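In case you want the letters, here they are:
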Amino acid sequence: MTRFIQIAIIILFSSQLAWSQGGAAEANLKIKSMFVYNFVKNVDWPTSSKEGDFKIGILADKKLYQLMNSTYAGKEINGQKLVFEFYDSFSTMSKCQILYVAPNASKDLSKNSSKLRANKTLVVSDSGGLLYDGSVINFIINNNKLAFEISKTNADLVPLTIGPALLKMAASVI
Amino acid sequence: MIIFKYISTLLIVLASVLSFGQISNKYCIYDQVALEKYQDKDLDAARVYIDSAILMCEGLRNDPYSHHVKGFIYYELYKRDEVDNPYSTLRDSAFNAFLQSNSLDTNNEFQTKNNKSLRNIAARIQMNVANLLDTNNYKKAIEVNKLYKETLLKGDIKSDNKAYDISFYINLGGIFVDLYENDKVLNATMIDSAIHYYKKSLELDSLNFVGNLQLGYVYHNLSIDIILSMDPEDDIMTMYENQEKSSNFGLLSLPYLKIAHQQQPKNTKILYGLAGIYFMLQEKDKSDFYQNLYNELTKEQDGSQPPLDDDK
Numbered sequence: 001m002t003r004f005i006q007i008a009i010i011i012l013f014s015s016q017l018a019w020s021q022g023g024a025a026e027a028n029l030k031i032k033s034m035f036v037y038n039f040v041k042n043v044d045w046p047t048s049s050k051e052g053d054f055k056i057g058i059l060a061d062k063k064l065y066q067l068m069n070s071t072y073a074g075k076e077i078n079g080q081k082l083v084f085e086f087y088d089s090f091s092t093m094s095k096c097q098i099l100y101v102a103p104n105a106s107k108d109l110s111k112n113s114s115k116l117r118a119n120k121t122l123v124v125s126d127s128g129g130l131l132y133d134g135s136v137i138n139f140i141i142n143n144n145k146l147a148f149e150i151s152k153t154n155a156d157l158v159p160l161t162i163g164p165a166l167l168k169m170a171a172s173v174i
Numbered sequence: 175m176i177i178f179k180y181i182s183t184l185l186i187v188l189a190s191v192l193s194f195g196q197i198s199n200k201y202c203i204y205d206q207v208a209l210e211k212y213q214d215k216d217l218d219a220a221r222v223y224i225d226s227a228i229l230m231c232e233g234l235r236n237d238p239y240s241h242h243v244k245g246f247i248y249y250e251l252y253k254r255d256e257v258d259n260p261y262s263t264l265r266d267s268a269f270n271a272f273l274q275s276n277s278l279d280t281n282n283e284f285q286t287k288n289n290k291s292l293r294n295i296a297a298r299i300q301m302n303v304a305n306l307l308d309t310n311n312y313k314k315a316i317e318v319n320k321l322y323k324e325t326l327l328k329g330d331i332k333s334d335n336k337a338y339d340i341s342f343y344i345n346l347g348g349i350f351v352d353l354y355e356n357d358k359v360l361n362a363t364m365i366d367s368a369i370h371y372y373k374k375s376l377e378l379d380s381l382n383f384v385g386n387l388q389l390g391y392v393y394h395n396l397s398i399d400i401i402l403s404m405d406p407e408d409d410i411m412t413m414y415e416n417q418e419k420s421s422n423f424g425l426l427s428l429p430y431l432k433i434a435h436q437q438q439p440k441n442t443k444i445l446y447g448l449a450g451i452y453f454m455l456q457e458k459d460k461s462d463f464y465q466n467l468y469n470e471l472t473k474e475q476d477g478s479q480p481p482l483d484d485d486k
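Chains as they are written, first to last, in my numbering: chain A, 1 to 174; chain B, 175 to 486.
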């Protein structure tokens with residue numbers, strides 16, 4: 001009897017699972033990219049920003065840039081073609097409608113917030129407390145999920161109109 | 175062919191007996207002839223003689239020894255002709271003969287050997303089950319496993335099947351995962367079956383390493399697959415719903431992976447999974463903890479990569 005049990009167990013070890021390809025890092029990056037894409041779709045910019053290409057800058061997150069560029073570049077939203085630019089630092093940044101600021105670059109955000117506001121840029125940050133440094137939308141963690149908070153005050157200063165879907169889904173609006 | 179041979183031999187035997195007009199007497203020594211044929215490895219003839227003996231000789235019909243001999247003849251025929259057939263009639267005949275022998279064996283002369291043979295037959299069915307455990311034959315494996323259980327009951331075979339049952343359920347779980355992985359859309363429900371069978375294995379042994387690891391794998395992968403399979407243009411509401419599902423699967427994976435990790439703390443695959451699922455759950459500190467353990471254990475291995483690389 002024991003011999004037959006051993007046969008079954010041998011089969012068992014030949015059919016072990018592997019971790020899902022792609023993995024957690026890729027999945028989290030995808031969620032973040034989809035959020036940013038939804039911000040584009042659910043925010044209204046001033047008329048002056050509605051001409052030409054719609055530029056999305058990614059500061060200090062090469063992987064997010066690569067993913068968004070490969071997924072969304074060339075798509076049109078409200079007649080504007082999406083283009084993506086990657087920046088190493090604020091000093092290399094050019095005018096864009098949205099700027100995503102990675103956590104490791106966020107320490108210089110407050111210094112650049114006036115310039116960004118003048119450029120009518122929606123700043124999306126990714127670290128605690130940055131709504132007080134000029135960011136309009138900030139990623140946070142809420143119940144094991146990526147979520148976001150909105151500073152309507154900062155949005156009004158640009159001025160940007162945040163759509164109702166974002167306001168509804170935001171973890172908090174200040 | 176074997177059936178024709180069997181019938182023709184049976185007719186010859188009947189004709190010869192009738193011609194002598196001594197039906198019962200002749201039949202009543204055929205169990206001995208059957209035994210000789212069995213010992214000479216002439217199993218087909220042995221079968222004819224033992225069937226004739228039991229059918230035609232009333233004394234042998236109620237003789238435990240005759241049924242004992244019949245059991246061995248049919249068991250050898252089964253091993254020769256139908257051992258890979260999970261529905262073998264020869265095996266059933268052997269099994270029933272040993273049972274019949276036991277029921278008639280008031281002096282307890284043959285029960286030990288009969289019971290050993292009954293156990294061997296059950297083990298052969300178990301082997302049939304093991305051989306059917308693949309993505310093409312799994313339905314038959316489930317069916318034959320049921321037959322195996324019925325056989326144990328019918329034969330009153332006392333056997334500790336826990337290890338076998340756990341292995342059976344875990345194998346089935348793996349098969350359903352394979353089917354799901356082959357076509358996640360068409361076979362979407364297969365993953366529920368996989369979870370069902372892994373859980374059944376853990377009902378028998380909640381600390382089973384493989385069961386916990388596999389179920390942890392399944393939930394971990396579901397958590398990630400939900401996100402990776404999203405349409406990049408999904409609206410924000412759909413994103414939230416999928417994140418919720420993903421998060422729930424991630425949380426479900428944790429207790430199983432942790433049990434597996436407790437048993438094999440240096441298993442890098444488990445550390446990889448734990449680092450990944452905590453990362454998925456946005457718990458960076460815990461993810462880093464397991465990732466550091468993983469890195470320490472793998473740093474001397476050439477070409478190994480950390481599970482997560484979120485360098486900006």
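FYI, nobody ran anything at the bench for these hints, they're computed from the structure.
Any given hint might turn out to be false.
[Claimed, not checked] Taking lysine-lysine pairs in the DSS-like style, the calculated list, with each CA pair at most 27 Å apart, reads: (1) B:K419 with A:K168; (2) B:K374 with A:K107; (3) B:K458 with B:K374; (4) B:K458 with A:K62; (5) B:K419 with A:K107; (6) B:K432 with A:K145.
What you are looking at is a predicted structure, and each value in this text was computed from that prediction instead of being measured.
Comparing the hints with the structure gives:
1. Between the alpha carbons of B:K419 and A:K168 the distance comes to roughly 20 Å, so the proposed pair stays at or under 27 Å and holds.
2. Between B:K374 and A:K107 the alpha-carbon distance is near 52 Å, which puts this suggested pair outside the 27 Å criterion.
3. Between B:K458 and B:K374 the alpha-carbon distance is near 33 Å, which puts this suggested pair outside the 27 Å criterion.
4. Of the pairs offered as hints, the one joining B:K458 and A:K62 holds, with about 20 Å between alpha carbons and a cut-off of 27 Å not exceeded.
5. Among the hinted pairs, B:K419 with A:K107 is inconsistent with the structure: their alpha-carbon atoms are about 34 Å apart, more than 27 Å.
6. Proximity of B:K432 to A:K145 is assessed by CA-CA distance (about 21 Å); at most 27 Å being required, the pair is judged to hold.
In the structure shown, a violation is registered for the earlier hints numbered 2, 3, 5, in ascending order.
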